[in-house]
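So the protein lines, in turn, are chains A and B.
For the first sequence, our numbering gives the first residue as 245, with consecutive numbering after it.
For the second sequence, our numbering gives the first residue as 219, with consecutive numbering after it.
Heads up, a few of these hints could be off.
Label-pair distances were calculated between CB atoms; the ranges are [to be verified]:
1) B:GLU350 <-> A:PHE403: 27 to 37 angstroms
2) B:ASP271 <-> A:ASN435: 37 to 47 angstroms
3) A:GLU573 <-> B:ILE249: 42 to 52 angstroms
4) A:PRO623 <-> B:ARG322: 28 to 38 angstroms
5) A:GLN508 <-> B:GLY331: 31 to 41 angstroms
These aren't lab readings, by the way, just hints derived from the structure by calculation.
Yeah, the Cβ is synthetic: ideal placement off N, Cα and C, and Gly gets one too.
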Amino acid sequence: MKVNRTYDEINERIKKGEAVVMTAEEIIPFVEEKGLEQAAREVDVVTTGTFGPMCSSGAFLNLGHPMPRMRMSEIYLNGVNAYGGIAAVDAYLGATEIPKTDPANTNFPGEFNYGGGHVIEDLIAGKEVYLEAYSYGTDCYPRKKLGTYIKLEDMNEAFMFNSRNAYQNYNVAVNLSEKTLYTYMGILKPNLGNANYSTSGQLSPLFNDPLLRTTGIGTRIFLGGTEGYVSWYGTQHNPSVNRSETGAPRTPSGTLSVIGDMKQMDAAWIRGVSFLGYGVSLMVGIGIPIPILNEEILRSAAVKDEELFAPVVDYSQGYPYGRGGPLGEVSYAQLKSGTIVIHDKEVPTAPLSSYPKAKEIAEILKSWIKEGQFLLTEPVEQLPSADSGKKLSPMKIRSRGEEN
Amino acid sequence: MVKHKIVLLFPATVVEQPFLYHLVKDYNLIINVLKANINPRKEGTLVLELAGDKENYDSGIHFLESRGVKTVPLEQQIVWNEERCTQCGACTVICPTSALEMIRPEMTVTFNGEKCIACGHCLKACPARAVEEHY
Chain A
245 MKVNRTYDEI NERIKKGEAV VMTAEEIIPF VEEKGLEQAA REVDVVTTGT
295 FGPMCSSGAF LNLGHPMPRM RMSEIYLNGV NAYGGIAAVD AYLGATEIPK
345 TDPANTNFPG EFNYGGGHVI EDLIAGKEVY LEAYSYGTDC YPRKKLGTYI
395 KLEDMNEAFM FNSRNAYQNY NVAVNLSEKT LYTYMGILKP NLGNANYSTS
445 GQLSPLFNDP LLRTTGIGTR IFLGGTEGYV SWYGTQHNPS VNRSETGAPR
495 TPSGTLSVIG DMKQMDAAWI RGVSFLGYGV SLMVGIGIPI PILNEEILRS
545 AAVKDEELFA PVVDYSQGYP YGRGGPLGEV SYAQLKSGTI VIHDKEVPTA
595 PLSSYPKAKE IAEILKSWIK EGQFLLTEPV EQLPSADSGK KLSPMKIRSR
645 GEEN
Chain B
219 MVKHKIVLLF PATVVEQPFL YHLVKDYNLI INVLKANINP RKEGTLVLEL
269 AGDKENYDSG IHFLESRGVK TVPLEQQIVW NEERCTQCGA CTVICPTSAL
319 EMIRPEMTVT FNGEKCIACG HCLKACPARA VEEHY
């Protein structure tokens, strides 16, 4: 390769306010016009973005010690249970938790108007939430119950720690059955009534770094409106999948686990959401910068919707029961056009993941870098990539002692 | 000739009276019922498209109001809260009249009140609950 840039060189240029930064959308025509080598010489960083529902999200909270002290074992924030099986006043609030009083799907489809994701959004928005806690009481922690209003600023620490975000590609969900389905991919109308997908395609962070060359442990990112970090690979990280020539996976693949200070976040980029008949979730805004170290990295970052493919999966039988394989593959360009063709039928599409918001995130990250406020980090450790052999295994239900 | 989509709100005291009959017979109005509902408190809601000669239309509305029926333009009933909207597009494949639509290739959501029939499917299809019903 003719271009060979280091993280230090890029950061020097960022500090001087000289770095050339483009979004993953802007870089596409730029590379087409200049050619790969010349574009790689000129551009230091490409920024990406995604804003979609990411269920495996949540926050560690330290609620502070009341007097007398309390070892909170059962904790509710606005009626939503937060896990208290850790130290005295620590809790983990999960995005998909619903209030103990929610009827869930007993009256199908349940509305799920409020849950963990909404509590997280309310806290970030600076709202008061009602904290209710119970304990069995100990000599060191005598208090047995507590009820109080609390704000994010009252807490000692509050950091978001999401175990599976930024999915590298995802299924296109359709419904082959004759009844409406209510799923985490939204409402799916019967007989191929619609097709819902959920990545930002050519703007999506891991689609622009398909082999995880620059995104690794310790990578500084945009998370919920502030700086966050990649802490590990995410749960269900599955790099050993079928890929295009460009390296982009053709099925759901890599995932990230990310961390960031909730007190610095902006509720515009962390939003509680409700999926009819399914439950609550959290829309999370993530943007990852890609240092253009060489032409190969730029080639991946200049990927376009026409070159990215997702599998079409039936959510009546295929996904829930594992019956029948994918119904085919479509490109993100087709998905974005508004209709795809499945079984000779034109099916309207909807994204779930917000493309305009993804673009805004890539723009914000670009401005942070251009203004010298955001430096790039070299991964402390690489994440398992296509050559790692790491695979996603389904569970086998077995009796005691039975071999898998 | 005027044509509007309106919402009629009936208090429980008048909900059993045959208003549409009078709108047709006495005011020569053309009616297309889009949605009708009576709630457990016996209050009625009727969403309809009403058309006719301007003078007849106004007299018809006056007749309804004088009998205690509240009339409100439909576009004031379904409100799309643009700020709350995340532009995810989930509503656009659920909306039967494309009143909520995705502008491509920008991928932004727009709401056209004139196309809306107040079916209410979008209210719960929207993950961010950005569409509100104001009665």
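Verification of the supplied hints:
Range check, B:GLU350 to A:PHE403: about 33 angstroms between beta-carbon atoms, so the 27 to 37 angstroms window is met. The beta-carbon spacing between B:ASP271 and A:ASN435, approximately 43 angstroms, falls within the hinted interval of 37 to 47 angstroms. Against the hinted window of 42 to 52 angstroms, the Cβ-Cβ separation of A:GLU573 and B:ILE249 comes to about 49 angstroms, which satisfies the hint. Range check, A:PRO623 to B:ARG322: Cβ separation about 36 angstroms, and the 28 to 38 angstroms hint holds.
Under the hint 31 to 41 angstroms, the C-beta atoms of A:GLN508 and B:GLY331, about 39 angstroms apart, fit the expected range.
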